[in-house]
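Chemist: Chains as they are written, first to last, in my numbering: chain A, 706 to 831; chain B, 17 to 555; chain C, 23 to 217.
No lab work stands behind these hints, which were simulated from the structure alone.
These numbers come from a predicted model, not from an experiment.
There may be inaccurate statements among the hints.
Think about it this way: if two alpha-carbon atoms lie no more than 27 Å apart in a straight line, the pair counts; the simulated BS3-like pairs of lysine-lysine are [as the list claims (entries may be wrong)]:
hint, chain 1, residue 1, chain 2, residue 2
1, B, K434, B, K504
2, B, K434, B, K117
3, B, K194, B, K117
4, B, K500, B, K434
5, C, K94, A, K727
6, A, K727, C, K92
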Amino acid sequence: MSTHAHAPGHAASGQHHTPVPKVRTLVAVWAALIVFTFLTSWVSEIELGEWNIVVALLIALTKASLVAWIFMGVRYSTTLTRLFCVAGLVWLMILVLLTYSDYSTRGWTYQAAPWSTNKSAGSSLK
Amino acid sequence: MATEETHYLNATHGWKSWLLTTDHKRIAMLYLISITLMFFVGGTMAVLFRINLLQPEGIFSAETYNRLFSMHGIVMVFFFLVPSIPATLANFLIPIMIGAKDLAFPRINLLSWYIYIIGAVFAMFAIIRGGVDTGWTFYAPYSSTYSNSYVLTAAMGVFIAGFSSILTGLNFIVTVHKMRAPGMTWSRLPLFVWANYATGLIQVLGTPVLAITVLLLAFERIAHVGIFDPNIGGDPILFQHLFWFYSHPAVYIMILPGMGVISEIVACFSRKRPFGYNFIAFSSMGIAVLSFVVWGHHMFVTGEAMYTSVAFSFLSFMVAVPSAIKVFNWTATMYKGSVSFDTPMLYAFGFIGLFTIGGLTGLFLAALATDVATHGTYFIVAHFHYVMVGGMVMAFLGGLHFWWPKITGRMYPEAWSKFACMIIFIGFNLTFFPQFILGYLGMPRRYHAYPPEFQALNVLSTAGASILGIGYLIPMIYFAWSIKFGPKASANPWNAAGLEWQIASPPTTFNFDETPTVTEEAYDYDGARYYEPMEEVVG
Amino acid sequence: MLGMWTFLITEVLFFGGMFGAYAVYRNMYPGAFASTSRYMDVVLGGTNTAVLICSSLTMVLAVRAAQLSKRKDLILFLILTMIFGSAFLGVKAFEYHSKWVEHLVPGFGFQYEHAPEYLHPAQLLFFLYFCMTGMHAIHMIVGLGLLTYLLVQAVRNQYNEYYFAPVEMIGLYWHFVDVVWIFLFPLLYLIGQRH
């Protein structure tokens with residue numbers, strides 16, 4: 706099939722010349738996504754304890770990154786667009802992690818205790 | 017009389033030309049009327065519950081009182097303060113200040129107004145049917161399970177109004193990125209634009225979380241699924257986390273545009289470029305970012321984990337820094353400037369003083385130990401009214417006065433405006449300063465009755481509120497009067513710097529005949545041509 | 023385009039609230055959440071994930087076709103994307119129906135016979151399931167509507183290499199909805215072992 710290296714002229718809307726992606730690349734990403742889907746389902750059957758969720762999220766993150774980088778065109782985008790992308794993720798992290806930190810640290814209590822059981826240590830202040 | 021010049025107000029006629037307009041200036045006027053109406057709705061509730069607080073045992077029932085303060089909060093926060101400057105002054109001014117003909121998405125601008133109106137209709141419906149008694153914070157499980165009031169209706173109003181806010185923010189962000197005139201670099205932008213850009217960022221990042229929170233609340237109320245109900249496994253604190261994740265940045269949505277206004281006013285009436293332009297610009301961005309990591313300070317006493325509270329406390333101290341930077345910079349701008357005391361500057365002085373008091377008392381609340389003593393008392397009420405009313409509303413009025421000649425082509429009466437400013441200042445302090453004392457002495461908020469020893473201070477506060485109310489009415493009257501009878505204003509009655517002062521008052525529909533090319537830095541007050549004595553304003 | 027990215031950020035935060043609730047409750051009730059996986063059909067969920075991935079491929083091919091002024095290809099890929107999207111919704115409807123039949127819809131006679139001690143937290147998970155996939159489905163339906171608009175415009179030959187911004191923008195939206203599902207699938211379907 707014929708592919709153009711660059712789109713002639715520029716899109717009336719944007720200030721950027723979006724290069725035309727190669728079909729090869731797109732299909733390769735598609736295949737990778739399908740493989741990762743199988744992978745995550747398969748791994749979930751293996752008992753890894755608390756690492757199950759970590760692996761699952763890592764795979765999901767990889768898939769999402771592929772979609773964003775290739776399908777959504779972030780690889781060709783401006784720094785500003787990438788900044789907006791990252792900002793959205795960072796804010797999501799702030800919401801989830803900081804809220805989660807409340808729940809995960811509720812059990813961390815602090816037992817106040819004297820520094821020393823030596824009675825004469827404090828009496829010098831009187 | 018010579019033929020009337022054509023400008024955005026008289027370019028086209030008929031209600032369709034207003035209700036279907038895409039001119040950002042007309043949309044700003046539509047918003048101005050709407051939020052003013054909502055301000056008086058919210059203000060009426062305040063008058064009513066302050067009357068209730070004249071008597072220690074209350075005058076209305078507890079039920080009624082709860083509904084009054086809740087609706088006051090909901091209306092004032094979501095339907096007045098959040099849209100106030102962004103939807104009116106910023107909507108009007110941002111395209112002009114950057115040299116553009118309109119915002120990036122004019123039709124979305126109009127859509128955002130209609131969405132706001134629909135949300136306001138829901139809120140008014142809830143009010144007319146008896147209101148909500150949960151407080152503007154809608155805390156679960158009271159709001160989700162036990163309240164018998166119109167929670168869903170009010171929540172839907174808030175949900176819908178949130179989208180108006182998101183669309184406004186989105187519009188501003190894209191506009192400032194994409195529509196600046198040639199030569200208008202980021203470092204030449206007026207600080208008002210920086211402030212509203214930062215506000216847009218907060219609106220876009222925070223408001224969606226409010227939307228989902230309100231939606232979850234609605235599901236809980238309708239289907240009792242248990243997400244916030246401790247009886248069936250849910251956690252009411254989760255509601256508070258999600259709610260405050262938006263609502264704390266929301267208070268910065270409310271104050272940042274006001275700070276932008278003050279930067280403009282102080283520069284003009286000191287005849288000086290703002291001191292530390294970069295610091296002020298970056299502090300707006302700093303506030304936008306830091307505002308998102310401090311929400312837990314609203315939950316210190318409601319069961320938040322200790323270490324998380326410590327982290328939030330520390331971050332809350334940090335977020336005060338950019339605001340303080342601004343205050344120092346405004347003060348430094350006035351130093352060795354040529355300060356004049358026109359009404360906008362009086363409001364700016366009021367802002368700087370009152371916002372500082374409000375902000376400093378916020379530090380009391382950021383500290384865990386003092387927050388434990390003052391949470392849920394009138395200290396908090398006084399704190400946020402100092403920043404929101406002493407700060408934001410004064411900034412709004414200052415901005416209205418400053419840009420009134422530009423917006424309407426008329427001047428307001430200076431003597432009356434100064435008088436009103438004084439009344440507002442006195443009334444405000446009389447209303448809210450006693451509340452600091454009341455809170456410190458332990459009077460809890462959101463109670464219709466109180467121990468008799470607090471009556472004197474409450475009476476003072478109510479007296480102040482009535483003076484404040486009169487103070488707000490006076491500008492309404494003379495602004496309305498000025499539209500028809502005020503002296504006509506020239507393009508630049510204040511001899512101010514900025515693109516908006518170089519076009520006609522009022523502006524034509526498309527602002528500029530030709531796109532301007534910007535060659536000078538912003539706030540070029542050092543040039544001798546701005547050092548003339550201010551001319552007579554009558555054109 | 024910047025406007026669409028900004029809008030997508032708002033969507034991230036919108037879904038983010040639900041992800042936050044999920045994180046909190048899963049941490050609180052790990053056993054109950056794990057027990058719900060036996061009711062989640064991984065084959066259906068996995069197939070749906072694959073269907074959405076295919077729709078993303080056809081969508082990006084549609085954008086590419088518009089970029090190359092290939093009207094016929096554009097129309098073909100838009101239609102394929104819509105077919106995949108509808109298939110997804112069809113499977114979802116089937117899943118919702120089977121949940122309904124099994125009394126797993128919170129607020130409407132929720133029952134949890136096989137592990138009654140997990141009744142309330144399981145109800146939480148199922149509420150989050152319906153809420154998150156429901157919001158996702160609503161976004162898909164809106165997406166289908168937007169694709170219909172694109173299709174009509176494409177048939178009218180409105181898009182070519184000089185003007186294909188709407189296709190690109192709606193493509194971004196569609197991919198975003200796919201990304202949300204990429205996270206929903208493991209979090210809702212793959213919590214615990216199913217055997």
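Chemist: Would you pick out the hints that fail for this structure and give their numbers low to high?
Modeler: 2
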